[in-house]
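S.K.: Chains U and V supply the protein sequences, listed in that same order. According to the working numbering, the stretch in the first sequence is residues 146 to 463, in order. According to the working numbering, the stretch in the second sequence is residues 418 to 651, in order.
What the hints contain is simulated information worked out from the structure, not anything from laboratory work. Hints are supplied without guarantee of correctness; some may be wrong.
Here are the computed lysine-lysine pairs in the DSS-like style, where the Cα-Cα straight-line distance is at most 25 Å [to be verified]:
# : chain 1 : residue 1 : chain 2 : residue 2
1 : V       : Lys594    : V       : Lys492
2 : V       : Lys430    : U       : Lys245
3 : U       : Lys435    : U       : Lys446
4 : V       : Lys430    : U       : Lys252
5 : V       : Lys492    : U       : Lys281
6 : U       : Lys375    : U       : Lys391
7 : V       : Lys594    : U       : Lys247
Over the 12 Å line for every Cβ pair with chain U, so calculated as not near, a few chain V residues [said to hold, decoys possible]:
#  : residue
8  : Val441
9  : Gly461
10 : Ser470
11 : Val494
12 : Val505
13 : Leu571
Heads up, the beta-carbon is just placed ideally off N, CA and C, and yes, glycines get one too.
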Amino acid sequence: MIEVQNLTKYFKDFRAVNNISMTIRKGEILGLLGPNGAGKTTTLRMLTGYFRPNSGTIKIKGFQMPKDAIRIKSLIGYLPESAPLYHNMLVYDYLEYVAKIKGIEDKEKRYDRFLQLSDICGLSAIMDKPIANLSKGLKQRVGIAHAMMTDPEILILDEPTSGLDPNQIVEIRDIIKTIGKEKTIIFSTHILSEAEATCDRIAIIHNGKMVADDTTANLKLGAEQNSLIKLSLKGALKEDAASLLKSIHSSLDIKIVDPVEKDLISFEVTYSNEGSKNHDFRSDIYLKIKETDWIIIQLIKESQTLEKIFRELTREDA
Amino acid sequence: MKQIKTIAIKEFKDYFISPIAYIVISLFLIVTGWFFFSTFFIFGRADLRDFFSLLPIIFSFIIPAITMRLFSEEKNVGSYETILTMPVSFTDIALGKFFAATLFTASMLLPTLAYPIFISFIGEVDPGPVIGGYIGAIFLAAAYCSLGLFASALTRNQIIAFIIGCSLCFTLTILDKLLFFMPSKIISAIEYIGANSHFTNISRGIIDSRDILYFVSVIFIFIFSTYIVMHEKN
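Just chain V, with the same shape it has in the complex (with noise of 0.2 Å):
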């Protein structure tokens, strides 16, 4: 438990320490920033239903950028050696890494609170869909960051770690959309398995556990699979 802990903060401090932190929320707050207030006064609604929408497509490539590195640089620069020669499990390194890459995400939406509190001065904000995006939106990332922490763990190449990332993450965010191509009797397997759906309940201010239970799933299916990785290739 010590050893995640020490782990999580020391990946933490790592995306602060060199510039990649900073170009990523910078590049995340101009998207997001742009698209949501573009239509923002035209449709005239006090609320960030728009904001929240966006995420899970703004999220499949920002987060394989911030997790691409986790393993990848690792096993490239070679300190793959030193850390798995020292007392811990491949389950507490996989764990630290997952938390760090989440804890990112987290501090990388803590600016766009400015956004809500931004909208309360013009107009009546419903808190309750609010603040379900937000726990939404931290299911919704740790979910791609499983993603991410699982395609970093197949390549020593930080490129192709981001490109199979992208392309989980994009999958899963699509998935809902391609609806219509499939046999009707799957269909509603398919939605379940695309995260749009989860994600957009949640974002509305309803809490379900079947969503909450689909995100714990994908998370805990993907640091598992990292896991076998990491066995598989030492």
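In isolation and in its complexed conformation, chain U is listed as follows (with noise of 0.2 Å):
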């Protein structure tokens, strides 16, 4: 559906993207991540034409840009980072505008569609509304709006949660995912519990630079080293549960950190995942402490979460 191929945007010296690559398959919902400043909008930017790049080609459903830029523009609903609207039209006059420029001649068709798209996303209490009285929040629901206007095969939206309250969050999540089925969007976003949520596939740009493109399932999967399991006991000396955890297994790594509550020794054990041929040390230490006469108040394995592994691979060192 898209393929973009090396692409680089320089900013005079700046160079903003960094020879991207990548292939979204029909009906794939990718989302763009990245710290501040690392080059998503200005993805998202050349994927809709708004800015040319410097170098590298944009090829959507077989038409290229720029030469096509038009036809792919046609094809694309794309919602702006901060929803810059027109400020002084009321909010039915700039969906009649939008709808119009994108082509609706049909005015009986055009009347429908901003029935169902304020449905969606409900703009039904804000239609006779000036753009420059809504807050942020109703500004972004114009801006899906329009992004949703022809119904486009592919949506491209920059940041579509933020300023957002909880509830429009879970609410445009939900959109995401069900017009996700059948059309291909990608979104960036800086909340990677949302990306975790919502996307088939992440993609992680640093410094212009993609740094990851997987499925999340992949992703965590292959950024896992070492595992991490946390133990808190309770009746227990430090020292006698130290050396007992460390006769379990040699390779394990055993540190005593602060106890998470009051009266309990709490104790971090890593052990790295190759050595141990993915074993499960739990049972081994559960085991091993019943023997004893302690409690075990916690036994936790840590899973590597995408926080984590986003912050390896943006660290600004890396």
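Two chains, two separate frames, one set of hints: put the complex together.
M.R.: What follows is the structure, encoded as structure tokens:
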């Protein structure tokens, strides 16, 4: 559906996007992650034809940018970063204007579409209000209605949930998920849990470079080199417990940490997945401690969170 | 074609939503009305020649004020991204905005039709120069609108767009008054570039294809330049 190859964009001497390539299949939801200024918005702006790349090619449904720019633009619904809209227009007039420009000529059809959109985006109460008077979240909704006006095959959303309240965020996510079944969606976000919850695939951009591009599950799997078990015991002595844990397997690295609650002793046990062949040491620990009269209060295996992966990939020195 | 119309109508309506339109139109009417009628009864001639001779200089200040927001405002607010990512070409956008501004200046001239009607009560008005004058005024306004459009496309700052627009329009207006500074060989060429002589011809009631061609060329050159600026900046 979308093929991007060696995309590079300079702003004067600053290289905002550096050699990004990716392919997005039909019906996929791709989350574009990255810290501030990583090049997410620039990438999206090139996909929508607002910026011209310095080098690289963009092919969408066989059409080439910028030769078939207008064809491509009519395939894409785009929500810009801060949903900039015409402030002195009424919401209804704005939607009417957008619909006309996007080529919905028939008045009846336009009206039906407005009804659908106002249902999806919750606009019915604000149709007669000037856009300048709307809150950020409401503007965002108008922006989403704009993007979905012609029911486009591709939706590109730049931080669609920014400025929305928690209820709206859930609503927008649901919208993305529902329409994502038939449409191709690319959206950028800072919120990792959001990407995890809605995306089929995640691409992480850092300093203009693509540092990861994989399914959410694969991304987590690949990043896991070490496992971490958190253990808290009651009624044990630090030294005794430490040596007992050490006796389970020599490769375990045991660290005494600040207790999670009063009167407890807490440990962090780390081991490399490779050395232990993905063996889960939780059962070993349980069995060992069962032999004593200590009480296990907590025994958790930390799984790698997307947040951790993200931080590792986008560290400044990386 | 449909898109040009949609954009033009939207931009035209925009003028009347904000107070700009009313301020600019009042200012235009007050200034032209004052200058025209303050000497009208002294000369005692039932024609609009003095009114039309005012237009080039007044247009050089009023029209850049009308056109300055066309691109600058959109760039500043960020809606430029919205319009550029919709399925419209640069040409559609530039032409739509150009027609909106021209239509607006035409509607600004509309109330001045009261002048010839009023004068016809007190004297015999020759309709030729009046009709010619209005046709010339529309061409002149359209040419200056294209200049202002170009100035607006250059920058996101409306004040800068206004000043660039003013300088461009003002240059075209006064060029034929600067002729005695020029070497005699290029005088006729410079005179041709200036807008005044062409406008004066038409407003005398002489509609010459050369003058029409001049205005059409100016419009074409500056809309094309606007297109190039849009293309280069994106």
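S.K.: Which earlier hints turn out false for this structure, listed by number in ascending order?
M.R.: 1, 7, 11 and 12
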